[in-house]
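Hey, can you work out the whole structure from these sequences and the hints?
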Amino acid sequence: MSLDYGRENEVVAKKELENILNKLNKPIKFWEEQMFPKLQTFFYGCLLPEIVDPRYPGRPIRNPQYIIDAQSSTAKKK
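Residue numbers for the sequence shown follow the working numbering, beginning at 1 and rising by one.
Hints may contain errors.
Stated by the list, open to error - Straight-line C-alpha distance at most 27 Å; calculated BS3-like pairs for lysine-lysine:
id	residue 1	residue 2
1	Lys38	Lys15
2	Lys14	Lys29
3	Lys15	Lys26
4	Lys26	Lys14
5	Lys38	Lys77
6	Lys26	Lys38
7	Lys15	Lys29
8	Lys76	Lys38
9	Lys76	Lys14
Unchecked claim - So the derived label-pair ranges between C-beta atoms look like this:
id	residue 1	residue 2	range
10	Ile51	Lys14	28 to 38 Å
11	Pro57	Glu18	49 to 59 Å
12	Pro49	Asn19	25 to 35 Å
13	Trp31	Pro60	26 to 36 Å
Just so you know, the hints here were simulated from the structure itself, not pulled from any lab data. Positions of the beta carbon are idealized from the N, C-alpha and C atoms, including for glycine.
Rendered as structure tokens:
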């Protein structure tokens with residue numbers, strides 16, 4: 001889109017800029033509101049304990065309670 005320069009087009013330019021910024025903020029809101037909490041829970045509940053105290057070669061990998069609950073509810077549905 002092309003806009004002419006000048007004070008008379010300032011309102012139109014501001015509206016166009018707001019539209020562009022709103023389109024850019026939608027993915028950011030999605031990541032902040034939906035993805036980040038899930039990723040943070042997974043990191044602190046699953047990855048971080050294994051990084052700090054790895055159990056893999058000899059012992060089974062630990063699962064947090066929310067994963068055990070999800071697995072049991074999935075098994076009940078089948």
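* **Hint numbers contradicted by this structure** => 1, 9, 10, 12
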